[in-house]
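Novice: Here is how the chains run, residue by residue.
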Amino acid sequence: MEGDQDVFCCSGCEMAAAIIKGAGLEAYYQEREAFPPRPEGFAGDWDALPVTAGPDGTCEIRLQVDGLRCASCVWVTENVLQRTEGVEEAVVSYATGRARVRWDPGKVSLGEVAGRISTLGYRPRILGEEGEPDRGLLVRLGVAAFAAMNIMMLSAAIYTGWLGGMDPRYVALFQWVSLALAAPVALWCAEPFFAGAVQGLRHGVLHMDLPIALGVAVLFGHAVVVTVLEGETYLDSMAMLVALLLAGRVLESRGRRRAAEAATALAATAPASARKRVGDAVETVPAEDLAPGDLVDVAAGEELAADGIVEGGQGSVRLALLTGEAEPVGVQEGSRVVAGSVLIDGFLTVRVTAVGRETVLQQMADQLRLSADRGIRPGFTDRIAPWFTAATLVVAAGAFAGWFLAAGLEKALLTTVAVLVVACPCALALSRPLAAAAGLGAAARRGLLFRSGDALLAMGEVDLVALDKTGTVTAGELEVVEAPREALRIASGLERFSAHPVGRAITRAAVEGGIPLPVAEEVREEAGFGIRGKVDGRWWEIRSGGPGRVSVRGEGGESWTIALGDRVREDSRSVVEEIRAAGRQVALLTGDVDEVAHRMAEEAGIQEVSARLSPLEKVDWIQARQDQGLRVLFAGDGLNDGPGLAQAHVGIAMGTGAASSILVADGVISVPSLRPILAGFRAAAAVRDSIRKNQVRSIGYNVAAVTLAAAGFVNPLVAVILMPISSGVVIWGAFRVEQAV
Amino acid sequence: MNAIFFLLPVAVLLGALFAFLFVMAVKRGQFDDLDDPPKRILKD
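From first to last, the protein sequence lines stand for chains D and R. Heads up: the first sequence begins at 0 in numbering that gives the first Met the number 0, then just goes up one per residue. Heads up: the second sequence begins at 0 in numbering that gives the first Met the number 0, then just goes up one per residue.
Chain D on its own, in the form it takes in the complex:
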């Protein structure tokens, strides 16, 4: 855009450019790597939002900004905000597209701040409540790691002293310092494990935290006694154990937090407002102030704020949020319309029948949220933990009894402590969170965000992959499939200001094809009919020419056809082939008519097709396959896919889809492709493999070490060498997950 002459596709872009230049940020145009979406009309009544001012009189809000596609987009947004009068602070995250804005309500309103963002072509939405990052674990880890390293250094000196003889005074000093360092580790850093063990006991479960807590308690108690009596302590083992386990927890909680963040970002909403008729006048009110019986006006491009019945006017409505299908549906007097749908063209007067929580949209979302609460599946590690704990206690008791009879109380006590030390299931407890964190990270880098490690593991069990059509196998947007270049040029001139999906598809195709958009004059758009106007001084008109086509006619008798349609994603076919090559079935489920469904399925290489399915029939379809013993993965994007996503063994939502489908899904695909599903399968297999191997290794280690300890062969030095070897093997195994995906 930077040149002798600036050409803009629409007035919105021109305005955005003016703001960017005005702020002295022209560098954006040289550095950007992707075009922003087209600036749109400003939706929502931001000033109606309740905001509370802080003690210094400034307000703060967190926003999710959609459409930030490259680093330059973030940079320009952040800088434009910072240079807005009245904005005290603005930070936009490169990684997540979240913005934190602090402003002075006396100088600028939230509406103006949000308006600045939307004039640039990006769409601000409000983020819901979200917990602060858990810093506590990291602090505990820091303290434990510091103590562990120092204790190890001191212990190394003591162990070396065994060779050359060491003044007992120094040994005592080193041990007392070690004890002082170990005290905060055992009493404070290890607190989460004690809490977990106690909680488990209260529910009558032998939790994995129990043997850990037991080990830490025995080690520390033993060390206190022995330091006073002058003997050998295992404090180095204990501190390292706690530090390693905390590191595993920190990694796990980071992965989970990232997934939760992604989900809340996708579920963020813009505030809705409506134009209500009061007598003869029309006033703009927040959506929550509407009541059943009110009359509201809805103009083209606006979103419906409530459910209702059309009383006057006509137009076409896009119901994508509800049905998942992109094609607009015509409505006239007497038609029912629902909140959340967008009026593409025309003008409606609607009698409100339901608002807020009573709307179809909200009720579906609530229902989905309820069904999403399905509890955590116990992992293999949690299932063997009770046996493991019980076995350790039995062996320890046996060793104590045996040695008490054979060599007296002191030797018996020492051996029992050694058994409990080496039996502490550090490696076993680490294996699952580490492998899961590695797998979640590997899948996320390839575009598939999982809600939990359980969801990732469940993916490995899938036999049948059911795919929704619109927005999943296909791109979900109307696109120009075929058009003569000249027709596209003329049409883009006429359609460049149109909000209709057809107009947008044509303009987008022209811009992508490098066609300079001509200037059109006297353009008139007639709802449900077409568009007329002058391009290059001659009259042209665009009319609907049957399903999926529009005709472009000129006054000179020219007549061209532009074919439009929802296209199968470029890589869908290869993804389907690879899924099938891995021995899994693939099926296509859609609410669309048979003909379209079969054509799309053929294009994507899918044999099994079920068309004309309502959302609930999709659930029945999945249920029927599950009754046959198949584990079904369902991928979809619409609100209507929500029940299916909840029913399936693994539900995967498209990040571009309806917010409620994302809330209920186990995983979210963050790129416009199905390829991440393959990465998910690979990650699930790698994690499963890694966990299984690590469990075998760590159980093998524990059995061997406990046997040695019970036989009386283990002293503190042997323990401190054995333990990190087992943990190291587990960590190494987890790192191999990334390579395997």
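The hints are simulated quantities; they were obtained by calculation from the structure and are not laboratory data. Wrong hints could be hidden among the right ones.
Selected chain D positions facing chain R (Cβ under 7 Å, derived; list incomplete) [to be verified]:
{"#": "1", "residue": "SER92"}
{"#": "2", "residue": "ARG134"}
{"#": "3", "residue": "LEU137"}
{"#": "4", "residue": "ASN149"}
Derived SDA-like pairs (lysine to any residue); straight-line CA-CA distance at most 20 Å [to be verified]:
{"#": "5", "chain 1": "R", "residue 1": "LYS26", "chain 2": "D", "residue 2": "PRO191"}
{"#": "6", "chain 1": "R", "residue 1": "LYS26", "chain 2": "D", "residue 2": "ARG253"}
{"#": "7", "chain 1": "R", "residue 1": "LYS26", "chain 2": "D", "residue 2": "LEU136"}
{"#": "8", "chain 1": "R", "residue 1": "LYS38", "chain 2": "D", "residue 2": "SER71"}
{"#": "9", "chain 1": "R", "residue 1": "LYS38", "chain 2": "D", "residue 2": "ASN78"}
{"#": "10", "chain 1": "D", "residue 1": "LYS275", "chain 2": "D", "residue 2": "GLN313"}
{"#": "11", "chain 1": "R", "residue 1": "LYS38", "chain 2": "D", "residue 2": "THR95"}
All C-beta atoms, glycine included, are put in the ideal place defined by N, C-alpha and C.
Assemble chain R onto chain D, guided by the hints.
Specialist: For chain R alone, kept in the frame of chain D given last:
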């Protein structure tokens, strides 16, 4: 060698000082976002 009775606690206290600095850094939120700052520096 008696110096060790003095030097060892000093060394541990020095270490504790750094552990304390780390804890302060965490509490001030320096570790909350590890993805953004490395990218931010490229744009200034």
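Novice: Could you run down the list of hints and mark each one as holding or not?
Specialist: Each hint, compared with the structure:
1. SER92: Holds - the Cβ of D:SER92 comes within 7 Å of chain R, reaching about 5 Å at its closest.
2. ARG134: Holds. Min distance 5 Å.
3. LEU137: holds (5 Å)
4. ASN149: For D:ASN149, the interface hint holds, since the closest Cβ of chain R sits about 6 Å away, which is under 7 Å.
5. R:LYS26 with D:PRO191: holds (19 Å)
6. R:LYS26 with D:ARG253: Holds, because 16 Å separates the two Cα atoms, which is no more than 20 Å.
7. R:LYS26 with D:LEU136: holds (11 Å)
8. R:LYS38 with D:SER71: holds (11 Å)
9. R:LYS38 with D:ASN78: holds (15 Å)
10. D:LYS275 with D:GLN313: Within the cut-off at roughly 18 Å; holds.
11. R:LYS38 with D:THR95: holds (12 Å)
Checked against the numbered hints given earlier, this structure breaks none of them.
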